[in-house]
Amino acid sequence: MGTETLPPALEIHGLTKRFDRLAVAGLDLTVRRGEFYMLLGPNGAGKTTTLRMVSGLLQADEGSIHVFGVDARRDQVAAKQIVGWVSDEPMIYDKLTPLEYLEFVAGLWGVAPDVAETRARALVVLLGLEHVQHAHCEGFSRGMRQKVALAGALVHDPQLIILDEPLTGLDAGSARLVKSVLADRVRRGCTVIMTTHILEIAERMGDRIGVISGGRLVAEGTLQELRERVGRGDSCLEELFLAIVEQDANVA
Amino acid sequence: MSTPGSIGWFLRHETRLAWRDVFSVMGADRPGRLRGILIAVAIFLAVMHLVAHFVVGPLAGLALHNDVATLVGVSAGLVLSASAVLSQAMESVTRTFYTRSDLELILSSPVRAQRLFAVRVGGIVMSVSLMSLLIIGPFINMLAWNGGVHWLAAYGVVPALAMAATAVAILLTVALFRVIGPKRTRLVAQIVAAIVGGLFAVGLQMAALFSTGTLSRLAYLGSDAVLARVPDAQSLAWLPARAVLGDSVALLVVLGLSLVVFILAAALNVPRFAAYALAASSTPQGRVAPVHATRRFQVGSVSASLRRKEVLLILRDPWLLSQSMMQLLYLLPPAAMLWHSYALDAGVAVVVVPVLVMAAGQLAGGLAWLTICGEDAPDLVLTAPVGPQRLMRSKLEAVGVCVAVVFAPLVAGLAFYSASAAVLAAAGIAASAASATAIQFWFRAQARRSQFRRRHTSSRFATLSEAFASIMWAAAAGLAVAGNGLAAPVVGIVLVFLAIVRAWSPARGRAVA
Chain A
680 MGTETLPPAL EIHGLTKRFD RLAVAGLDLT VRRGEFYMLL GPNGAGKTTT
730 LRMVSGLLQA DEGSIHVFGV DARRDQVAAK QIVGWVSDEP MIYDKLTPLE
780 YLEFVAGLWG VAPDVAETRA RALVVLLGLE HVQHAHCEGF SRGMRQKVAL
830 AGALVHDPQL IILDEPLTGL DAGSARLVKS VLADRVRRGC TVIMTTHILE
880 IAERMGDRIG VISGGRLVAE GTLQELRERV GRGDSCLEEL FLAIVEQDAN
930 VA
Chain B
1075 MSTPGSIGWF LRHETRLAWR DVFSVMGADR PGRLRGILIA VAIFLAVMHL
1125 VAHFVVGPLA GLALHNDVAT LVGVSAGLVL SASAVLSQAM ESVTRTFYTR
1175 SDLELILSSP VRAQRLFAVR VGGIVMSVSL MSLLIIGPFI NMLAWNGGVH
1225 WLAAYGVVPA LAMAATAVAI LLTVALFRVI GPKRTRLVAQ IVAAIVGGLF
1275 AVGLQMAALF STGTLSRLAY LGSDAVLARV PDAQSLAWLP ARAVLGDSVA
1325 LLVVLGLSLV VFILAAALNV PRFAAYALAA SSTPQGRVAP VHATRRFQVG
1375 SVSASLRRKE VLLILRDPWL LSQSMMQLLY LLPPAAMLWH SYALDAGVAV
1425 VVVPVLVMAA GQLAGGLAWL TICGEDAPDL VLTAPVGPQR LMRSKLEAVG
1475 VCVAVVFAPL VAGLAFYSAS AAVLAAAGIA ASAASATAIQ FWFRAQARRS
1525 QFRRRHTSSR FATLSEAFAS IMWAAAAGLA VAGNGLAAPV VGIVLVFLAI
1575 VRAWSPARGR AVA
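Protein chains in written order, with this note's numbering: chain A, 680 to 931; chain B, 1075 to 1587.
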């Protein structure tokens, strides 16, 4: 069976969420299998709310979410089994070591002990955490905490990794390492959805880019497709993004 | 208008922050809450006065005589209060060094930092005095109401206690800083503070048990064994007690001495506070865990993983452990009584069982808050492929296992003495722990574990309900052990009470999440 006939990694239709105002307004979004999808948007556009609904951290008011064909609103447990989530604020336990944290995460996702241990030790090495693998996380820098959180999102080998501003506050070395780990996952067939305000990274790493504004998807495509849409052949993503957001504001 | 950087300027700044903090902790910054809080405070004070009337009413007739027994009793009350005040002062002094919120800003500015610390140390005396007055005040009022205005002199002893306790706290904390370094001082000071708060009461009960065979502190303090060993009535050691009893000269001496001790302690140490605070803020908190590098992964069920995580986090956080296990300190006297009375007496279970039941409720309430509300990685747990009901069940199991581990040895010890008492104790412990856990579950609100000390402020109704349910289960268990038929109606009352609490809780109509 070819990949064309398989359901996409993420398929969202009419997704709506209202707090005191409409945060996500009937969003339609499709992310293909094995692509690195960059979700961009100004502050308050609805990016984080959307991704939190996909990850099961928020209940949607209306609409549908399918993760690799699994209805995430009806069967949350099955959907969560194949998703890894990393937020902008690394939430880990101060009094656990990185290995113990990964052991706990593996327990939550039901990974077999031998497999979990092999993966955890490999991730610790991959992310440069060997020297602190037996230290409590409480004294870790933000970059180290973010790397532990990322390892936690990878230890159960998810098919879809969702990252909300994962590079915020990271030094150049840590940011480069995180990007390289994510790019490697995509090369191995994993799907990654990431939000970021660092547009150079979105431009360089994203297979496709979606721009969300006012809770709706206002533009989507490869960098070249966005250039054609805006009518600026040689523009960088920053210029395109600002133009798209401005156009949307004028229409609204 | 005070000059920026002066003591007056810092005083205004600190007062504003403290006031807003108190306001926020009490929830008064939320619309419409101020009136409710004022009513709650009024009810609290009324209840405290009622309690004080029954507790100290019979003692109000005491007056200033050369009666050593009276001086011993009053002094014991003072030491009891002083231990609680010292505990609070140690907590506050430690926070002065380790709270980084605005310290780095102020220490990096060109103002003289010792002015800030002088204001903060003065603030500790003020806050400790006010908190003490809130608790002790009703007792003083009832003593004065029942026994005469001479008892009002006790109000003067409260700031003296606060100044002396703050001075001792400063000296102890600085000594810890110099001996064991900034990295360990915070933890040790917080544990010492937690233990000091209850140690005197527990120690007195233990002494009473082994000398008079009962848990009665009053009987012990009035015993010949104590009275024969204390100084005579003219000794200066009784000055604080005399001050409480209305001796104005003694009150002035006590106030003066406390002020001198406080000023000396502050003057000698405050200039070095900035250096200590900087040392504290630049000390790495992480440490290598005593975990065997070769240990194999133990990935079990979700419940097992959650249980293991909760146990590890509690065991590795000595501050949290000391806070949540404080109730266990109060188990020492009944445990000692069990051991002491095993071969001597037969009516001991009536005293021991209610204490066990009460302590189980309190311990379970704290642990339940930590597992249900105090989750430092809520996103991780919520994105796990586990149904919310199974997740919650696992957390509740973790609480149950911890409570069982703590209380099983005591119940087993009781079983050697009386099988029926052990069964009733086990039932009472289970009911009390389940009630406290259920109340935490019904009133759950997400928070960080470091907010454990403030857990009571999220819902005072839940806190009071938890305490009331534990007391009622303890009463029911005590009555049952004594063979009193009133136990059944008390059980009925607590069940109806829990149903009402459930109906009033935010959990009504809310799915498990």
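Hints in this document: simulated from the structure, not taken from any laboratory. Treat the hints with caution; some may be incorrect.
[Stated by the list, open to error] One side of the interface only, derived from the structure: several residues of chain A facing chain B at Cβ under 10 Å: (1) Gln760; (2) Gly912; (3) Cys915.
[Stated by the list, open to error] Over the 12 Å line for every Cβ pair with chain A, so calculated as not near, a few chain B residues: (4) Gly1131; (5) Ala1150; (6) Leu1250; (7) Val1335; (8) Ala1341; (9) Asp1453; (10) Pro1459; (11) Gly1474; (12) Val1564; (13) Gly1566; (14) Ile1574.
On a predicted model such as this, the values are computed, not experimentally measured, just so you know. Every residue gets a Cβ at the ideal spot worked out from N, C-alpha and C, and that includes glycine.
Which hints, by number, does the structure contradict?
-> 2, 3, 9, 10
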